[in-house]
Amino acid sequence: MADNYLKLVNTGFTKDLAKSLGLPRPSILRRYRPGQPLVPGPVVVLGAGAAAHELTETLLGWGLDVRRHAGGSEKLGALILALDAVEAPADLSAVALETGAALRSLLPGGRVVSISRPAVPTDAPARSAARHGVTGMVRSLGREMRGGATANGILLAEGIGADAPSATAALHFLLSGRSAYVDGQFLTVDSPRGELPVDWDQPLAGKVAVVTGAARGIGAAIARTLHRDGATIVAVDVPQAGDALAQVANDVRGTTLQLDVTREDAGTMIMDHALGRHGRLDIVIHNAGITRDKLLANMDAARWDSVIAVNLESQLRMNEAFLAADLPGLRIVSLASTSGIAGNRGQTNYAASKAGVIGMVAATAPAMAAREGGINAVAPGFIETEMTARIPVATRTVGRMLMPSLMQGGQPLDVAEAIGFLASDAAGGINGQTLRVCGQSLVGA
Amino acid sequence: MSRRDVRLDAVPALPRLYAEALANQVRTKLTGSSGALVLPEVEHSVDGVRADVPRLEAYQQLVGDTVRPTLPSVFVHGTVFPVAMSVLAARDFPLPLLGMVHLSNQVEHLRPIGVDEALDVRAWADKLRDHHAGTAVDVVCEASVGGEVVWVGTSTYLAKGIWAGQRPERRRDRPEFVAPVQTGAWRLGAGAGREYAAVLGDYNPIHLGALPAKALGMKRQIAHGMFLAGKALAQTAPREGGYHWDIVFEAPVLLPATVSFGVATTDRLRSFEGWNATSGRRHFHGAVRPL
Amino acid sequence: MAAQASPAQASTSGTTGLRPAVVIGGNRIPFARSNGKYSTASNQEMLTAALDGLVARFGLQGQRMGAVAAGAVLKHSKDFNLVRESVLGTALSPTTPAYDVQMACATGMEAIGSLANKIRLGQIESGIGGGVDTTSDAPIAVSEGLRAVLLELSRARTLQQRLGALSKFRPKDLTPNAPGTGEPRTGMSMGDHQAVTTAAWGITRQAQDELALASHRNLAAAYDRHFFDDLITPFRGVSKDTNLRADSTLEKLGTLKPAFGRNLGEKATMTAGNSTPLTDGASAVLLGSEDYAREHDLPMLANFVDFEAGAVDFVNGEEGLLMAPAYAVPRLLARNGLTLQDFDFYEIHEAFAGTVLSTLAAWEDPDFCRDKLGLENALGSIDRGRLNVNGSSLAAGHPFAATGGRIVATLAKMLHEKGSGRGLVSVCAAGGQGVVAILEAR
Numbered sequence: 001m002a003d004n005y006l007k008l009v010n011t012g013f014t015k016d017l018a019k020s021l022g023l024p025r026p027s028i029l030r031r032y033r034p035g036q037p038l039v040p041g042p043v044v045v046l047g048a049g050a051a052a053h054e055l056t057e058t059l060l061g062w063g064l065d066v067r068r069h070a071g072g073s074e075k076l077g078a079l080i081l082a083l084d085a086v087e088a089p090a091d092l093s094a095v096a097l098e099t100g101a102a103l104r105s106l107l108p109g110g111r112v113v114s115i116s117r118p119a120v121p122t123d124a125p126a127r128s129a130a131r132h133g134v135t136g137m138v139r140s141l142g143r144e145m146r147g148g149a150t151a152n153g154i155l156l157a158e159g160i161g162a163d164a165p166s167a168t169a170a171l172h173f174l175l176s177g178r179s180a181y182v183d184g185q186f187l188t189v190d191s192p193r194g195e196l197p198v199d200w201d202q203p204l205a206g207k208v209a210v211v212t213g214a215a216r217g218i219g220a221a222i223a224r225t226l227h228r229d230g231a232t233i234v235a236v237d238v239p240q241a242g243d244a245l246a247q248v249a250n251d252v253r254g255t256t257l258q259l260d261v262t263r264e265d266a267g268t269m270i271m272d273h274a275l276g277r278h279g280r281l282d283i284v285i286h287n288a289g290i291t292r293d294k295l296l297a298n299m300d301a302a303r304w305d306s307v308i309a310v311n312l313e314s315q316l317r318m319n320e321a322f323l324a325a326d327l328p329g330l331r332i333v334s335l336a337s338t339s340g341i342a343g344n345r346g347q348t349n350y351a352a353s354k355a356g357v358i359g360m361v362a363a364t365a366p367a368m369a370a371r372e373g374g375i376n377a378v379a380p381g382f383i384e385t386e387m388t389a390r391i392p393v394a395t396r397t398v399g400r401m402l403m404p405s406l407m408q409g410g411q412p413l414d415v416a417e418a419i420g421f422l423a424s425d426a427a428g429g430i431n432g433q434t435l436r437v438c439g440q441s442l443v444g445a
Numbered sequence: 001m002s003r004r005d006v007r008l009d010a011v012p013a014l015p016r017l018y019a020e021a022l023a024n025q026v027r028t029k030l031t032g033s034s035g036a037l038v039l040p041e042v043e044h045s046v047d048g049v050r051a052d053v054p055r056l057e058a059y060q061q062l063v064g065d066t067v068r069p070t071l072p073s074v075f076v077h078g079t080v081f082p083v084a085m086s087v088l089a090a091r092d093f094p095l096p097l098l099g100m101v102h103l104s105n106q107v108e109h110l111r112p113i114g115v116d117e118a119l120d121v122r123a124w125a126d127k128l129r130d131h132h133a134g135t136a137v138d139v140v141c142e143a144s145v146g147g148e149v150v151w152v153g154t155s156t157y158l159a160k161g162i163w164a165g166q167r168p169e170r171r172r173d174r175p176e177f178v179a180p181v182q183t184g185a186w187r188l189g190a191g192a193g194r195e196y197a198a199v200l201g202d203y204n205p206i207h208l209g210a211l212p213a214k215a216l217g218m219k220r221q222i223a224h225g226m227f228l229a230g231k232a233l234a235q236t237a238p239r240e241g242g243y244h245w246d247i248v249f250e251a252p253v254l255l256p257a258t259v260s261f262g263v264a265t266t267d268r269l270r271s272f273e274g275w276n277a278t279s280g281r282r283h284f285h286g287a288v289r290p291l
Numbered sequence: 001m002a003a004q005a006s007p008a009q010a011s012t013s014g015t016t017g018l019r020p021a022v023v024i025g026g027n028r029i030p031f032a033r034s035n036g037k038y039s040t041a042s043n044q045e046m047l048t049a050a051l052d053g054l055v056a057r058f059g060l061q062g063q064r065m066g067a068v069a070a071g072a073v074l075k076h077s078k079d080f081n082l083v084r085e086s087v088l089g090t091a092l093s094p095t096t097p098a099y100d101v102q103m104a105c106a107t108g109m110e111a112i113g114s115l116a117n118k119i120r121l122g123q124i125e126s127g128i129g130g131g132v133d134t135t136s137d138a139p140i141a142v143s144e145g146l147r148a149v150l151l152e153l154s155r156a157r158t159l160q161q162r163l164g165a166l167s168k169f170r171p172k173d174l175t176p177n178a179p180g181t182g183e184p185r186t187g188m189s190m191g192d193h194q195a196v197t198t199a200a201w202g203i204t205r206q207a208q209d210e211l212a213l214a215s216h217r218n219l220a221a222a223y224d225r226h227f228f229d230d231l232i233t234p235f236r237g238v239s240k241d242t243n244l245r246a247d248s249t250l251e252k253l254g255t256l257k258p259a260f261g262r263n264l265g266e267k268a269t270m271t272a273g274n275s276t277p278l279t280d281g282a283s284a285v286l287l288g289s290e291d292y293a294r295e296h297d298l299p300m301l302a303n304f305v306d307f308e309a310g311a312v313d314f315v316n317g318e319e320g321l322l323m324a325p326a327y328a329v330p331r332l333l334a335r336n337g338l339t340l341q342d343f344d345f346y347e348i349h350e351a352f353a354g355t356v357l358s359t360l361a362a363w364e365d366p367d368f369c370r371d372k373l374g375l376e377n378a379l380g381s382i383d384r385g386r387l388n389v390n391g392s393s394l395a396a397g398h399p400f401a402a403t404g405g406r407i408v409a410t411l412a413k414m415l416h417e418k419g420s421g422r423g424l425v426s427v428c429a430a431g432g433q434g435v436v437a438i439l440e441a442r
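Residue numbers (the numbering used here), protein chains in the order written: chain A, 1 to 445; chain F, 1 to 291; chain Y, 1 to 442.
Next up, chain A with everything else stripped away, as it sits in the complex:
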């Protein structure tokens, strides 16, 4: 399933050919490998808010080469825009223009991360305008970036400092190769909770994670990624997928639980297995999902109901069981979809279920927070899986290339990385949110 086009336009004489022909040239993304530097070059912190100082301390603490101003011909790894103190639209100007001047110095795979505060209805209009303006600027910047570089933002709720654990963790995630396919997105930190890992390469050490739909595709990637980050995996899938599931479990030294998640007692089965066999349950990834595409005019009850049952109702039921069991610090991550945000022809049922997940996550968050846990969702865009590999080559190539800012489809790993981040204790201050992993696709923008 290698994207041959991606290889062609980035290597050898075909690279030059593509350049001279003006063909779109998607870049090979900077993806996380354990032990690699967090960013490819020095980090420049721009802006003057309280955050600027806190962020600098954090970055220095990570051993990075930190500058307070861009300048000269030096290549840069990342630009951090401290915009937490903007009170009026005019406050954006300096940082925006300085950022623009430094963009050409950004290395391939570089990062722009803004730190600001979300606009809230109690804000004065000018402040709200400025704060909201940040999101438009960063999202547009994402579209202007080259070389696999991305622009994302962190929104700090009132009273949360830039040194809050989850703000730090979000910054770490967005700077790292783990966020390779996350572009033009904002993560909101609304609580001071969260615990930073001892080892950033093992953020899930000692955790027990259940991954549903783990037999193949994104689910298998999630299992492998969470295992890489230190978690013990309980791989769940329907009994019919048990052979592929066993292979995944054996690869990650986990255990299998052949279980149809639509069973009434699925939540109990999962807890019994995790607690009985591994002594604890820290993370649940609701990844199991199905598509039964049909135009609504042609939709039958079996197609509609099964998609809702598997993708949404099962999660609601399992979450109820988990909440009832009062598992301390449980972190849940659900799979939504950009189809659930933007809609997609032929996917009324699927989009209903995935938009439903976004609503479910938001509404479940307070109950999870009350138990020291959290629940979030990840909405993948065009991801290269066995499923998308069946789309005809031309459609697929155009689809994956032209729509997202990153001009390519994502890998299952990219989704898994985002899930791994949200599942970690470090993300404890992030709750009820849906993070898109779509390469800044136009769909649902």
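Hints listed in this document are in silico derivations from the structure and should not be mistaken for laboratory results.
From a predicted model like this one, the values you see are computed outputs, not experimental measurements.
Do not take every clue at face value.
[What the hints assert, rightly or not] Label-pair distances were calculated between CB atoms; the ranges are:
1) Y:E251 with F:T266: 42 to 52 Å
2) F:A210 with Y:T158: 31 to 41 Å
3) F:G189 with Y:R84: 54 to 64 Å
4) Y:F80 with A:D265: 12 to 22 Å
5) A:D265 with Y:Y99: 48 to 58 Å
6) Y:T158 with F:G48: 27 to 37 Å
7) Y:F80 with F:L269: 38 to 48 Å
8) Y:E251 with F:L216: 49 to 59 Å
9) Y:R225 with A:E57: 56 to 66 Å
10) F:R268 with Y:G237: 55 to 65 Å
11) Y:S420 with A:D293: 27 to 37 Å
12) Y:Y99 with A:K15: 32 to 42 Å
13) A:V198 with Y:F80: 43 to 53 Å
[What the hints assert, rightly or not] To be clear about the criterion: a stretch of chain F counts as covered by chain Y if any three or more of its residues have a C-beta under 8 Å from a C-beta of chain Y, and this derived list gives those stretches:
14) 184–193
15) 255–262
[What the hints assert, rightly or not] Computed far set for chain Y versus chain A, every beta-carbon distance over 10 Å:
16) P97
17) K267
18) E290
Note that CB positions come from ideal geometry on N, CA and C, so glycine has one too.
Chains F and Y: place on chain A using the hints.
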């Protein structure tokens, strides 16, 4: 009654005996001298007969017996029987050897016989008697080791259509055969006769193929009676000690064939039967009793 | 015999003073009818899949197990070290020792029982027992004639010797030998043997068809209630036993013609419907000491209490080919101070419906129990509602060596679900043999 001893240098080859017998029969036919039906007062003997080990192993494998260094009773028979045939093929024997029907055997296998033991063999004909279908005769073979008799086998043959005196009344019909509980099924190929002949040297044409068998009045080639006995004993004969066994042959086994086989044990007597499940005819029955 | 005073309460430890061997769980691939879905799968591939599914279910990756014991009834000569070769292909530690067992259809039971003994003796802490068989990818040998020629040829040193060897070659030697299900000593197929026994015990066609129907219905119901979700791992796109006919009826079974014992005429009652078909598949059971299970946070479903092998003289017609369990069970019961009625579940392998029913009839028969078993009274009847309650071989199929693993894993789970009681296993085997066992709930 003492018999004149005709001492042979070695166990004769059966094909040569068959050839001699044929020559005798042709001569008798030509000269027309049938003579009186009187058994000669002779015994043929060979000393120091030893089993051929490769042949023993081939036999044991052929009949499904355990390969081990003691001689199965039917293998002893096969080894010593040419001496008896020498009696039957001799010019002074009053019945035509070729075409005689093998009716039954009774054997005293007095003790296990080691493969390395030298057998002194004597054979004679005995008890010439009337039979409703002709004249029956017993051929007795006796094998001893250093003067100890270890094996005595009596084979009963029938010369069809030849009577010394009055033709006896036909025996009343046998009771209808009722198949016993089946314990085995023997699948015998068309070449079963040739395979047995290759091991024990009994190249009687009626066993070899359809054409020679037809030439001798059979529908097709038939299995050697002693091959059937050998297979039966491979299952039923005791592994230790001496034993008596007997077998009576009825309908011949036309090859190829599937012979249904049944063994039943009551007290120490182990009886067996072989039959054709399709025709319902019995091929043989017999019994083994430890001594 | 103080131990017999209250057998219902007594801990059924056949050999006291030993620690328990615990059944932790099992795994099998779905069984598939011969020359069907698994027609190109080898024994090694299937056994590896069954082991890997077990490893995945219980997180045994990289573990050095005490031993893996399994086997196949029909084996290629290249598979001389089948189990070890399979283990090397799994996620288990390559330092796990493994050995092949072969006891015909009782291979799985013997493998599991011998591992349980090692655990009880303290020689090993953990083990995996099981079996595999394929009648699709079966070994086909050259004929004896060709084999003899080839062997002689390989020994020949001179041209003359080589020509001599070649001269013994006959065209008919080219016909290969496929393995049959015939008993080598009797030449009768297993089905024809059982047909004789079935007729001797007067087992009716109706009774056999009813047992077959119950097997299919019970197995289907077990699937429906997800009973097999943690006992089976799919293989080659198959997730359910392909022989299962959930919609079978007595009427459909009644239309089938006798397939065995056709010589018996009117008394021929055994059909393809009430006999197991040739099947491909593999199974594995995880056993361990209590310490092992606790240390690894693994479930303890049942104790493998004791087992007993039996054999009968079918060659000389003393007993029916598949009746050995009828003899082994009373010995096992006596050693454990139990009666035939002291069980909550009976797992009697359905080689043929007639086998199960003949065995039950024998235990109910005072004459048989007195004359053949040397007992004062008949062993008596069992509660048929406790027999093969989740289906057995008639529905699931019977890949010879894999059946023991299927039964032990199934029974252990049933006992654990019930939470108390005992189960009796009875598996007959070719060669007039059988292995029976007692499991106790935990």
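Hint-by-hint comparison with the structure:
no.	hint	verdict
1	Y:E251 with F:T266: 42 to 52 Å	holds (44 Å)
2	F:A210 with Y:T158: 31 to 41 Å	holds (39 Å)
3	F:G189 with Y:R84: 54 to 64 Å	violated (39 Å)
4	Y:F80 with A:D265: 12 to 22 Å	violated (46 Å)
5	A:D265 with Y:Y99: 48 to 58 Å	violated (40 Å)
6	Y:T158 with F:G48: 27 to 37 Å	holds (34 Å)
7	Y:F80 with F:L269: 38 to 48 Å	holds (44 Å)
8	Y:E251 with F:L216: 49 to 59 Å	holds (56 Å)
9	Y:R225 with A:E57: 56 to 66 Å	holds (59 Å)
10	F:R268 with Y:G237: 55 to 65 Å	holds (59 Å)
11	Y:S420 with A:D293: 27 to 37 Å	violated (50 Å)
12	Y:Y99 with A:K15: 32 to 42 Å	violated (58 Å)
13	A:V198 with Y:F80: 43 to 53 Å	holds (51 Å)
14	184–193	holds (count 4)
15	255–262	holds (count 3)
16	P97	holds (20 Å)
17	K267	holds (43 Å)
18	E290	holds (16 Å)
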